[in-house]
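A.B. asks: Residue-level listing of the chains:
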Amino acid sequence: MSPLLEVSGLYKHYPIRSGLLRYRNLVAADNVSLTLQAGETLALVGESGSGKSTVGRCILRLEEPTAGSVLLDGKDISELSEPEVRALRPQMQMVYQEPLESLNPRHKVGNLVAEPLLLHRIVGKAEIPARVSELFHMVGLGKEHIDRYAHTLSGGQQQRVGIARALATRPKLLILDEPTSALDVSVEAQILNLLQDLQQQMQLAYLFISHDLAVVSMLADRVAVMYLGQIVESGPTASVLASHYHPYTQALVLATPINHPRQRKQRIVLEGEPISPIEPPQTCRLVPRCPYAQSICSEQPANLVEVTPHRATRCIRFANEHQAGRWTP
Amino acid sequence: MHCSLDLDSVHRKGSAEVLRVEDLRVEFCLPDEDILVLAGIDLAAMAGQIVGIVGESGSGKTVTALSIARLLAPPGRIASGRVLFLGQDLLGLDAAQMRSIRGSQISMIFQNPRASLNPVFSVGKMLKEVLKVHSGLQGRAATIRAKELLADVGLPDPDSVLKRYAHQLSGGMAQRAMIALALSSSPALLLADEPTTALDVTIQHQIIQLLLRLRQEHNLTQIVITHNFGVIAELCDRVAVMYAGSILEEAPVAKIFDSPGHPYTRGLLAARARVGRHTEIENIPGQVPELKNRPDGCPFHPRCAHARDICRVKVPRLEQTAPGHHIACHRWQELA
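Protein chains in written order, with our numbering: chain U, 1 to 329; chain L, 1001 to 1336.
Check the hints yourself; a few may be wrong.
[Said to hold, decoys possible] Pulled a few chain U residues facing chain L out of the computed Cβ check, cut under 10 Å:
id: 1; residue: Leu34
id: 2; residue: Leu183
id: 3; residue: Val185
id: 4; residue: Ser186
id: 5; residue: Glu188
id: 6; residue: Leu252
id: 7; residue: Asn259
id: 8; residue: Gln263
If you're looking for bench data, these hints aren't it; they were derived computationally from the structure. We put the beta carbon where it would ideally sit given N, CA and C, even for glycine.
Let's have the full structure, built from the sequences with the hints guiding it.
C.D. replies: As structure tokens, then:
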């Protein structure tokens, strides 16, 4: 089956002024490739500045990629003109982190959900109210919410409106950018369950952008871990979380807060902070923080290589030792 | 390990009670009505203890911390209760007396460290200001002490950090600088309001380790406010679970996780997404009530699967159900 979404060699550079006429590049996405099947969830995991949101925005062409191709249903959309992309947007929609900030405060939320129906002529004008109620029902909101303004709804209800709005155009792909990180625990659980149900009903593909491994573990079939613009490890979620092939993944797993005070123990987690994203080296970018770094790590370019079926890592040391038949993570 | 902070002997003594909050009631006085936001809070922290307050937004956790530090701004008003700090009721002090305690014996750190630091002063300028006011240190002595403090909170290259402004610091560095400022007067009590919420997980872990180290090395008593049970599990000795302005359960941390007694605590713990679990999570139906629509009776009853008539009319008292374990639920015995 050909994938619904295929991203290859995606680059996004932002020029930063560094002198009178000199510019240097801030590398937000560096040779990112990924695929996504219909009905599947791929999680892009990383900390702030890792480039995960940039990748999502480049796929939707909300940002112009510097280089690389994005294939939706086999069709290259990275070369399309703005009007052509707009015609494709109904198929791919985004749900944002801050529901309140992504909803127009001066319109009733019912109208916000009707807007994409109208713009993309999804249904005839006469059918819009019925479709809006249907969408509200799908995301667990009642008819009484249709005439409210966003700020009068709770955070969870606002995010439900954001999801209804994204679903209005009957998309195949939803890009979910930290959809629950601004929500309370009990409400987060409601939204995660909703997303899971909707995916099953509609065979939606999710690109799930998150920093929270617990949430990713629940929702994602596969995971790609990003650090400073690069994917450093990828594979099936359960497998990656159970045995990590990259020290950064290990650090993320170990830094995730424990479930019970009994699990308290001293853990080795990364020291310091990420290096500058302005023209970072092609050698491993984790070296200054990595407890396992060797001299080879700062000498050879670090490439993403598949070391076992479906599992890739950018860790040179892991790949070498794995090849030599010894690796103790 | 090297210890550059010296604290009063008061909280070095094992079992001294540093903080006791008794029946604290806070109102927001709005033009048309007074809204009760804290409906009688009881809380205690012994020297060197880390007490967590966990709850969802609007539960009153931040208002509790601000009231303890007497930083609550209008329309907030402390209606009644006592806040005993080392035996002294802070609510009876005048503004000048309170100012001399706040910042020297009670310090507070906040969720968004970069926004809490003054953007027009360098870290060094802010630190030296506090050192001058609270410790009388000036000039070279203040610079040396400032560097010690920055090194103590794990900031590499203190010389360069001293010259930097808030916007030149990463979130993790800014929180460390904030903690250095809070520690500069060797306080007995640190109030930490969501200290790691705005930070990445690897940085969150570093800050948690730092707070644990401050307790270990300086016996620093801490009240930590968070919505994250993971932070509670990592950091706290005791936990108070807050909901709609009330404490619904209070217990040693292991008790809360092993045998939560209140239906809300159980619901919150079950609602957490966890690594390695991909089934549907149980969730608590409904949502946190707005402050002005605080339900009668038990504040949780509209969302509680076990609610009975009594829960709708009578406010449950926080009662001791086992040594050190307190629950505010009419039905805790039947549900145990």
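A.B. asks: None of the hints should be skipped; say for each whether it holds.
C.D. replies: Structure-based check of each hint:
1. Leu34: Constraint on Leu34(U) not satisfied, violated at 20 Å.
2. Leu183: holds, 9 Å
3. Val185: holds, 5 Å
4. Ser186: With a minimum Cβ separation of about 4 Å from chain L (threshold 10 Å), the hint on Ser186(U) holds.
5. Glu188: Holds. Min distance 7 Å.
6. Leu252: Hint on Leu252(U): holds, closest Cβ of chain L at ~6 Å, below 10 Å.
7. Asn259: Holds. Min distance 6 Å.
8. Gln263: holds, 7 Å
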